[in-house]
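Peer 1: Residue strings, one per chain:
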Amino acid sequence: MKILVCLKQIPDMESKFRINEEGIWYDEANLAWRINEYDEYAVEQAVQVKEQLGGAEVVALSLGPARVKEAIKKALAMGCDRGVHINDEEGWRRDPFEIASLIAGYAKEEGFDLVFTGMQSQDRGSAQVGVLLAGMLGLPAMTTVVDFALEDGAVRVKRELEGGMKACVKCNLPAVVTCQLGLNTPRYPTLPNIMKAKRKEMQTIEAADLAAAGSRLVTDRLAFPEKKGGGLVLEGEAADLAGKLATILRDKIKVL
Amino acid sequence: MEATREIYWNVGHGVLVPMYLLALAALGVMAYGFARRLKVYRLGRPLVRTDNLSARIAAALRSSIMQTRVLRVRAPGGVHSLFFWSFLMLFAGTVLVFVQADIAAPLFDKRFLSGNFYRYFSLVLDLAGLLALVMLGALFVRRYLMRPGGLESDRDDAIMHGLLFAIVLSGFIIEGLRMAATELPAGSALANWSPVGLTVAKLFSAASEPSLRMWHAVAWWGHLTLTLGFIVAIPFTKLRHLFAVPANYLLADRGPKGCLSTLDLEDESVESFGAAALGDLSWKDIFDTDACIECKRCQDRCPAHRTEKPLSPMRLVDDLHRVAFADPQQGLAEAAGKDALWSCTTCRACQEICPASVEHVGKIVEMRRNLVLMEGEFPGEEVTAAIDNVEVNGNPLGMAFAARGDWARELGVKTLDEDPDVDVLYFVGCYASFDKRNIRVAKSLIEICRHAGVRIGILGQEEKCCGEPVRKMGNEYLYQMSAAGNIETIKAYGIERVVTSCPHCFNTLNKDYRDLGFDAEVEHYTAFLDRLLREGRLKLKPESFSATYHDSCYLGRYNDLYEAPRNLLGAAGASLREMDASGAESFCCGAGGGRILAEEKLGRRISKERARMAGETGADTLVSNCPFCLTMFEDGVKGASLEEGLSTVDLSEIIASRLTN
Numbered sequence: 015m016k017i018l019v020c021l022k023q024i025p026d027m028e029s030k031f032r033i034n035e036e037g038i039w040y041d042e043a044n045l046a047w048r049i050n051e052y053d054e055y056a057v058e059q060a061v062q063v064k065e066q067l068g069g070a071e072v073v074a075l076s077l078g079p080a081r082v083k084e085a086i087k088k089a090l091a092m093g094c095d096r097g098v099h100i101n102d103e104e105g106w107r108r109d110p111f112e113i114a115s116l117i118a119g120y121a122k123e124e125g126f127d128l129v130f131t132g133m134q135s136q137d138r139g140s141a142q143v144g145v146l147l148a149g150m151l152g153l154p155a156m157t158t159v160v161d162f163a164l165e166d167g168a169v170r171v172k173r174e175l176e177g178g179m180k181a182c183v184k185c186n187l188p189a190v191v192t193c194q195l196g197l198n199t200p201r202y203p204t205l206p207n208i209m210k211a212k213r214k215e216m217q218t219i220e221a222a223d224l225a226a227a228g229s230r231l232v233t234d235r236l237a238f239p240e241k242k243g244g245g246l247v248l249e250g251e252a253a254d255l256a257g258k259l260a261t262i263l264r265d266k267i268k269v270l
Numbered sequence: 003m004e005a006t007r008e009i010y011w012n013v014g015h016g017v018l019v020p021m022y023l024l025a026l027a028a029l030g031v032m033a034y035g036f037a038r039r040l041k042v043y044r045l046g047r048p049l050v051r052t053d054n055l056s057a058r059i060a061a062a063l064r065s066s067i068m069q070t071r072v073l074r075v076r077a078p079g080g081v082h083s084l085f086f087w088s089f090l091m092l093f094a095g096t097v098l099v100f101v102q103a104d105i106a107a108p109l110f111d112k113r114f115l116s117g118n119f120y121r122y123f124s125l126v127l128d129l130a131g132l133l134a135l136v137m138l139g140a141l142f143v144r145r146y147l148m149r150p151g152g153l154e155s156d157r158d159d160a161i162m163h164g165l166l167f168a169i170v171l172s173g174f175i176i177e178g179l180r181m182a183a184t185e186l187p188a189g190s191a192l193a194n195w196s197p198v199g200l201t202v203a204k205l206f207s208a209a210s211e212p213s214l215r216m217w218h219a220v221a222w223w224g225h226l227t228l229t230l231g232f233i234v235a236i237p238f239t240k241l242r243h244l245f246a247v248p249a250n251y252l253l254a255d256r257g258p259k260g261c262l263s264t265l266d267l268e269d270e271s272v273e274s275f276g277a278a279a280l281g282d283l284s285w286k287d288i289f290d291t292d293a294c295i296e297c298k299r300c301q302d303r304c305p306a307h308r309t310e311k312p313l314s315p316m317r318l319v320d321d322l323h324r325v326a327f328a329d330p331q332q333g334l335a336e337a338a339g340k341d342a343l344w345s346c347t348t349c350r351a352c353q354e355i356c357p358a359s360v361e362h363v364g365k366i367v368e369m370r371r372n373l374v375l376m377e378g379e380f381p382g383e384e385v386t387a388a389i390d391n392v393e394v395n396g397n398p399l400g401m402a403f404a405a406r407g408d409w410a411r412e413l414g415v416k417t418l419d420e421d422p423d424v425d426v427l428y429f430v431g432c433y434a435s436f437d438k439r440n441i442r443v444a445k446s447l448i449e450i451c452r453h454a455g456v457r458i459g460i461l462g463q464e465e466k467c468c469g470e471p472v473r474k475m476g477n478e479y480l481y482q483m484s485a486a487g488n489i490e491t492i493k494a495y496g497i498e499r500v501v502t503s504c505p506h507c508f509n510t511l512n513k514d515y516r517d518l519g520f521d522a523e524v525e526h527y528t529a530f531l532d533r534l535l536r537e538g539r540l541k542l543k544p545e546s547f548s549a550t551y552h553d554s555c556y557l558g559r560y561n562d563l564y565e566a567p568r569n570l571l572g573a574a575g576a577s578l579r580e581m582d583a584s585g586a587e588s589f590c591c592g593a594g595g596g597r598i599l600a601e602e603k604l605g606r607r608i609s610k611e612r613a614r615m616a617g618e619t620g621a622d623t624l625v626s627n628c629p630f631c632l633t634m635f636e637d638g639v640k641g642a643s644l645e646e647g648l649s650t651v652d653l654s655e656i657i658a659s660r661l662t663n
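Chains as they are written, first to last, in the numbering used here: chain A, 15 to 270; chain B, 3 to 663.
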């Protein structure tokens with residue numbers, strides 16, 4: 015079996031973000047990078063499938079500048095077999111459709127039986143690449159998966175729905191799965207596996223050599239949320255509170 | 003008539019051949035017993051512990067003969083020491099008898115056991131025997147009648163007590179029977195030089211000489227048999243501590259105190275890291291388990307054990323002993339229990355008090371290393387997350403690495419990047435950089451240094467976690483990565499002197515980093531400020547207040563810094579009320595050993611226990627010197643409902659508030 019895991023390297027969410035000069039994305043200076051949380055579930059699930067089958071080839075793919083190789087290395091340390099780096103200095107400019115088309119450009123010739131992606135990225139959060147990729151490869155897609163089982167060549171998953179509901183879905187291979195929080199606990203790579211990962215194959219493909227579809231979306235402007243006034247907690251006896259509240263509504267908010 | 007006695011009286015020189023043959027046989031069995039144990043020690047990895055041999059021998063002799071480590075716990079240690087010294091006298095007496103009877107007299111016709119020397123010899127040995135009996139009685143009462151909590155007795159203890167008691171007692175009976183048959187009827191004044199023997203002799207005075215002679219022979223052979231039994235029992239019972247403990251003094255770690263072994267992670271031939279099985283421990287680790295006499299001193303002081311967590315350093319050593327000598331195939335973590343391994347705060351209280359110089363902490367870290375590096379296991383998800391944060395952001399709190407120097411902005415503190423011309427680099431550490439409460443500690447230190455005219459700089463966002471908590475948790479790989487980054491940065495600025503506010507950073511930079519090529523001088527701020535105070539550069543106006551001082555593990559037990567902080571407190575006007583557990587006996591706050599990253603899910607909270615001890619002193623202020631301790635006590639004091647009367651501060655905050663204008 016051949017498995018593809020797509021992962022994105024994203025800034026740690028506690029980082030000090032600044033908006034870049036063009037005003038359409040964040041400035042990359044002074045950021046700490048890590049694997050997108052949902053993609054870690056994808057990596058873990060792919061490695062678990064490999065362990066279940068007692069063998070499979072798991073390819074970890076990431077698109078972006080040279081720094082994303084660190085994310086691929088971590089996936090290799092977690093148990094993926096080889097890495098594919100789609101080198102793209104300006105990857106952050108691309109919309110989900112373009113990115114999916116680049117990945118599809120690589121994946122269509124490889125004949126993957128299973129494709130795992132995160133449900134969404136923590137930075138862009140469009141949640142589109144996985145499903146668009148499935149469409150481009152002509153595969154069925156199961157999204158927001160929180161439970162995964164592979165039995166007799168078919169996949170059974172639980173999908174998280176609104177209101178605590180779950181949908182049980184069955185699907186034949188090949189298929190695309192997008193992973194949600196709760197699916198698994200990503201493993202901590204062992205030292206021998208970290209060392210082995212350094213010697214695993216890492217293929218670099220120039221994004222320019224893959225046929226990218228044109229972009230459909232244009233980011234117009236990026237901004238921090240406007241600061242709103244803080245909440246106010248009134249304390250005291252009910253009668254006083256009613257008076258205070260009335261004063262605020264009348265004088266400050268002017269609704270009375 | 004000359005004052006002496008006939009050696010081999012009654013039994014005759016005919017006993018010589020059978021006696022020495024039996025003695026040789028007993029020694030042979032003893033040697034065989036130790037040879038078998040030696041094979042087990044050899045299952046361990048190699049380790050050099052025989053460098054500086056003359057210094058090692060001197061230290062071993064001093065600790066053994068003076069009983070210095072045993073005497074650290076006064077009452078039972080004192081009883082043991084008195085027994086030891088009296089036993090040593092009796093042994094020396096026996097050797098003198100042997101030298102005269104079987105060497106000096108037959109070969110050189112020399113007899114020194116006579117005259118006044120013999121009188122004092124008799125008296126000293128007689129009193130030594132009495133002392134030995136009394137001390138054995140006291141030890142017996144303690145072990146079997148009073149039985150302090152945690153003290154467990156097994157077959158070995160019964161054998162030791164029985165044998166030693168019977169040997170000393172039968173010695174007196176032989177003496178009494180001989181005196182009843184010889185000195186007593188002759189009315190010899192010599193009898194008075196053996197008061198205990200005389201008392202025993204009087205008990206037998208009614209018996210006839212033939213029956214005294216008959217019983218004497220029986221007692222003599224009985225005493226000999228017991229003594230031979232004692233020799234044989236040494237390797238097979240805890241009596242082996244007679245050799246194992248002095249040997250362990252000889253083989254002790256000669257420091258620097260508390261250094262862990264630095265793993266070679268580049269060596270590609272190494273397939274396993276840390277200790278999973280017996281053979282992954284060093285031979286000294288296995289020998290340690292054989293030297294343990296289960297006195298439970300470690301257990302009494304273990305913060306984890308005292309708060310009902312599943313760790314007892316004594317049990318852990320015993321578990322490893324069982325693996326080594328009974329079940330060598332068993333996994334170490336399984337034998338010791340993973341919860342026990344994760345409960346350790348590496349506070350070193352066990353190791354510091356151990357009368358047998360057993361080294362506990364290194365073993366625990368080795369087993370943790372295996373769990374982390376080979377299995378990817380941590381004590382909880384919160385620890386995995388904290389470790390991941392160190393990896394990504396260089397701090398376990400998960401804050402942006404780029405914000406590390408933000409606390410210092412408003413004070414105008416320069417980073418070395420802005421101005422590398424400083425007297426001292428302040429290595430701030432993660433908690434003083436990011437934790438609100440501890441930022442006040444960092445700011446105080448800056449204020450003090452400015453007052454004393456010390457030009458101080460920080461690394462700002464170039465500083466990373468020193469790696470201590472992750473190292474103690476077992477993640478040697480991440481520690482070495484973190485350390486390498488810091489060392490490279492500090493070296494590049496040509497820094498010669500570093501001050502830390504965290505004892506964990508201090509110990510790590512000052513000791514652990516040495517293996518990785520770090521050579522700048524490192525001080526904890528307490529030692530640094532104490533020096534400034536003594537040099538007259540730091541001037542304080544004392545204001546009196548009552549305080550109790552908590553010795554952090556990594557300043558106290560790990561670095562023996564007990565005086566400097568107390569000096570500073572005195573200069574600030576503190577009247578100190580010491581807790582019972584202070585100095586080398588201090589009780590950990592619960593955050594060491596990487597436990598600062600973990601939730602305390604088992605047993606009672608250690609910090610609350612410590613806060614309670616501080617509350618008992620009646621002091622108004624609990625002064626600490628460590629960001630981890632301060633963090634724990636902020637919680638612990640509230641947990642113990644003491645926040646009304648007990649405030650928790652860092653020593654630097656006190657000093658900053660006492661600066662002269």
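Keep in mind that the hints are not guaranteed to be accurate.
Stated by the list, open to error - Chain A side only, calculated, beta carbon under 7 Å to chain B, not exhaustive:
#1 Pro25
#2 Asp26
#3 Asn34
#4 Tyr40
#5 Gln142
#6 Arg170
#7 Lys172
Stated by the list, open to error - If you want the ones that stay clear, here's a sample from chain A, every Cβ over 12 Å from chain B, calculated:
#8 Met27
#9 Arg48
#10 Arg96
#11 Thr199
#12 Pro203
What the hints assert, rightly or not - Listed next, the in silico DSSO-like pairs over lysine-lysine satisfying Cα-Cα at most 30 Å (straight line):
#13 A:Lys212 with B:Lys438
#14 A:Lys30 with B:Lys541
#15 A:Lys64 with A:Lys30
Since the hints were derived computationally from the structure, they do not count as laboratory data. Remember, it's a predicted structure, so these values are computed and weren't measured experimentally. Note that beta-carbon positions come from the ideal geometry of N, C-alpha and C, so glycine has one too.
Peer 1: Give a verdict on every hint.
Peer 2: Each hint, compared with the structure:
With a least beta-carbon distance of about 9 Å to chain B, the hint placing Pro25 (chain A) at the interface is violated under the 7 Å criterion. With a least beta-carbon distance of about 5 Å to chain B, the hint placing Asp26 (chain A) at the interface is held under the 7 Å criterion. Hint on Asn34 (chain A) is violated. Least Cβ distance to chain B is approximately 16 Å, over the 7 Å limit. For Tyr40 (chain A), the interface hint is violated, since its Cβ never comes within 7 Å of a Cβ in chain B; the closest pair sits about 13 Å apart.
Because the closest C-beta pair between Gln142 (chain A) and chain B is about 26 Å apart, greater than 7 Å, the hint is violated. Among the interface hints, the one on Arg170 (chain A) is violated; its C-beta lies about 27 Å from the nearest C-beta in chain B, farther than the 7 Å criterion. The criterion of a C-beta within 7 Å of any C-beta in chain B is not met by Lys172 (chain A), whose closest approach is roughly 22 Å, and the hint is violated. Distance check on Met27 (chain A): its Cβ comes as close as 9 Å (rounded) to a Cβ of chain B, failing to clear the 12 Å threshold; non-interface status is violated.
Against the 12 Å criterion, Arg48 (chain A) falls within the reach of chain B, whose nearest CB is about 5 Å from its own CB. The beta carbon of Arg96 (chain A) sits about 20 Å from the closest Cβ of chain B, which is more than 12 Å, so the claim that it is off the interface holds. A cut-off of 12 Å between C-beta atoms contradicts the statement that Thr199 (chain A) is not in contact with chain B; the least separation is 7 Å. A cut-off of 12 Å between C-beta atoms contradicts the statement that Pro203 (chain A) is not in contact with chain B; the least separation is 6 Å.
Taking the CA atoms of Lys212 (chain A) and Lys438 (chain B), the gap is near 39 Å; set against the 30 Å cutoff, the hint is violated. Between Lys30 (chain A) and Lys541 (chain B) the CA atoms are separated by roughly 40 Å; this puts the pair beyond 30 Å, and the hint is violated. Proximity of Lys64 (chain A) to Lys30 (chain A) is assessed by CA-CA distance (about 38 Å); at most 30 Å being required, the pair is judged violated.
In this structure, the earlier hints numbered 1, 3, 4, 5, 6, 7, 8, 9, 11, 12, 13, 14, 15 are contradicted, and the remaining ones agree with it.
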